[in-house]
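> So the sequence lines, in the order shown, correspond to chains A, B and F.
First residue of the first sequence? That's 1 in our numbering, and the numbers climb one at a time after it.
First residue of the second sequence? That's 1 in our numbering, and the numbers climb one at a time after it.
First residue of the third sequence? That's 1 in our numbering, and the numbers climb one at a time after it.
It should be emphasised that the hints constitute simulated quantities derived from the structure, not laboratory data.
Hints may contain errors.
Footprint (simulated), chain A over chain B, 3 or more residues, beta carbon under 8 Å [as the list claims (entries may be wrong)]:
1. 5–18
2. 58–64
Below, a sample of chain B positions facing chain A; criterion: calculated Cβ distance under 8 Å [said to hold, decoys possible]:
3. V30
4. E35
5. V37
6. A41
7. A69
8. A74
9. A78
10. A80
11. A95
12. S96
Quick reminder that beta carbons are idealized off the backbone N, C-alpha and C, glycines included.
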Amino acid sequence: MSSALMLSAAAAPGGSVLFVIFALAACLCAVAVVAAQTVVRMAFWLVLSLGSTAALFFLADADFVGAAQLLIYVGGTLVLLVFGVMLTASGPYLKIATSPGEIILGAVVALLFLCVVVASISGVSWPEPQVADAGALQTTAGNTLRPLGLAFLGTRPDQDLADGDQLSPGYLLPFEIVSIHLLVVLIGAAYLARAKRRAVGT
Amino acid sequence: MSLSAYLLVGAVLFVCGIVCMATKRNGIGVLMGVELVLNGANVNFVAFSKYTQLGLDGQIISLFVIVLAAAEAAVALAIALNFYNNHLTIDVDRASKLKG
Amino acid sequence: MILGVQSIADFLAGITEAIAPGKGLQYVLAAVIHAVLLVHAFALSPAVFIWLERKVAGRIQDRLGPTRVGGLFGWLQSLADGIKLVQKEDLCPPAADSLLFRSAPYFVCVASFAAFMVLPFSHGWVAVAADCGLFIILAILSLEVFGIIMAGYSSGSKWSLFGGMREAAQMVSYEIPLAICALVPVIAAGSLNLGEIGGMQRGGIQNWFIFHNPFAFIAFFVYFVVATASCKRAPFDLAEAESELVGGFHTEYSGIRWSFFFMGEYASMFAVCGIASILFLGGWNTGIPPLDDALYAARNAGAAGQGSVIVGYLANVLGLLVFVSKASVGVFVQIWLRWTLPRLRIDQVMTTCLKYLTPISCFLFLGATLWPLLLATAAQRSTWTPEALGVRAAAEIRESAAATAVPAAAAAQPVAGSAVQARLDATTEGAVQ
């Protein structure tokens with residue numbers, strides 16, 4: 001049913017329309033995060049922005065990264081942040097507002113910085129997009145699972161057989177380091193955030 | 001859909017994150033700014049992975065960024081909770097005990 | 001005309017070429033057809049399962065259940081309920097944050113619906129044949145938590161807040177053993193693509209992954225318990241415990257907004273039972289060896305154009321019926337559990353997850369990883385079945401890679417392949433000498 005249509009999502013004729021929709025969603029929701037008044041609304045707009053970013057990843061043929069973004073960022077980190085908001089709330093829908101002067105200064109600096117970045121982006125003539133040589137692992141667009149898995153295990157089939165005699169080391173060592181890092185960080189965070197007697201009054 | 005479009009999206013996310021970090025007084029709001037900054041960088045990595053010879057390395061690095069951002073959010077939240085437990089407020093402007 | 005084509009795509013290409021050349025209209029029409037089919041699947045499964053729940057609950061409690069609407073068995077009761085809910089007043093409490101209050105049900109609904117996108121209903125009958133399909137389902141099912149938190153917080157009532165927080169803690173905790181138990185058959189299969197995993201289990205009931213190794217057998221039951229908990233079904237339904245929290249996170253919701261939460265719940269029940277049947281119970285394969293082989297041959301002949309397309313299509317329809325009935329049996333067992341077992345307290349729920357189910361899942365994961373090593377050293381085999389899994393696995397992977405090949409990459413293949421081939425020839429010659 002779907003076999004003849006499983007081309008690259010971005011190469012499909014509707015791909016650019018979808019890209020524009022999700023890019024606008026990501027950008028506008030990011031601006032809404034800055035403009036929101038309560039922290040929970042900020043979290044809401046941030047969820048929409050990160051979800052649109054995940055959709056952009058799917059359009060860029062990075063299926064695994066997009067799914068990891070949804071699972072870890074939206075389903076994990078943001079839930080953690082919202083729990084933090086609930087635990088640190090001083091009152092119902094309390095607004096900690098910034099003064100208008102600071103808002104204007106921040107907006108001016110942000111726009112200047114955005115102009116600098118956009119100017120540098122458009123000043124570079126990017127090379128033509130090329131289909132990356134998959135080497136011995138003929139993958140289709142978006143199916144990056146097996147190459148990613150093998151890269152994390154220390155082999156790079158897309159590089160090892162196509163290039164010279166140098167075997168590339170893969171990403172096994174960073175993978176192990178990140179695993180230990182996560183363990184240490186989460187034990188430390190759980191210890192830091194353990195229930196203690198709350199300070200009485202201020 | 002070109003590389004520049006992706007980089008523009010990344011730039012907008014990055015700038016919004018910076019503004020969030022600079023102007024929000026709620027500590028958790030500052031953390032949300034950090035998440036936006038890291039997402040802007042991730043969009044850049046994935047775009048370069050698709051449109052240049054960077055290939056798989058861009059996606060691997062963005063996976064590492066996602067995982068490390070989750071770890072960093074956990075620690076930052078633990079610190080914020082500690083701060084709240086000691087001062088009964090999450091307003092970062094009140095964290096001024098070390099002021100000279 | 002439909003008999004002579006191989007797929008919906010070719011059928012649409014035939015029509016749209018006449019209307020508007022190019023692939024744009026074809027893609028849009030295909031997307032619309034897929035979306036309509038999935039929305040029907042997403043909407044009909046709650047309708048059927050809510051009716052089933054009320055009948056089963058009635059029978060367990062020694063009464064009849066609905067018997068009036070639609071004849072003797074009341075099978076149109078869900079329609080009557082739906083009409084009642086649609087015409088109710090749509091209210092939003094004054095203390096509620098109206099943007100979050102109104103959008104929370106859609107998070108839950110969309111998260112449940114998106115799981116249907118990567119769920120294969122039969123051989124090749126999947127909307128998005130993603131290589132990391134199971135990972136995408138786990139990622140999307142984790143989005144429901146955010147909808148629950150929004151609903152609980154933004155309702156502005158303490159019952160909702162307590163229920164929402166408990167529910168979020170429960171769902172987030174149960175995602176861990178869910179993912180680990182879902183990985184146990186993935187270790188056996190070597191693929192995260194649900195279509196490939198289902199296809200590898202053809203040829204007889206001995207090939208189902210639940211019988212692949214003893215750890216997968218236990219993992220099925222642990223997965224089923226964890227899936228029941230993550231769907232917030234009794235005995236893990238503290239969040240909606242009517243006798244304790246009024247309504248939990250959906251206390252302030254009424255009418256069609258409340259029914260969105262319940263559509264999401266029953267649809268995700270069907271989705272997780274469907275995942276269980278694909279991962280463990282053979283998916284759309286019947287399990288009877290001669291029947292499985294005949295259906296497989298019929299499908300391939302129909303797809304390749306050599307046999308009758310109608311017979312191939314009917315073989316797929318039979319696979320669909322098998323899959324839906326396996327998932328429905330799973331949902332029936334979940335309904336049966338709800339009306340039989342008493343409810344667990346929230347601390348018992350969290351203890352069960354963190355102190356019992358998570359270590360058990362880790363132990364099963366470790367055992368499933370070491371099982372091939374054990375078999376290889378003790379019995380010089382890779383699986384206990386006569387036919388090795390690798391034969392079917394290779395066939396499935398080759399088929400899915402061929403089906404999704406990008407033409408540009410295929411054109412570049414000879415160049416890359418020749419470079420690779422030259423390198424391989426050089427190394428093998430070196431090894432031979």
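> Output the numbers, in ascending order, of every earlier hint that fails for this structure.
Numbers 3, 5, 6, 11, 12 - these are the hints that the structure violates, sorted from lowest upward.
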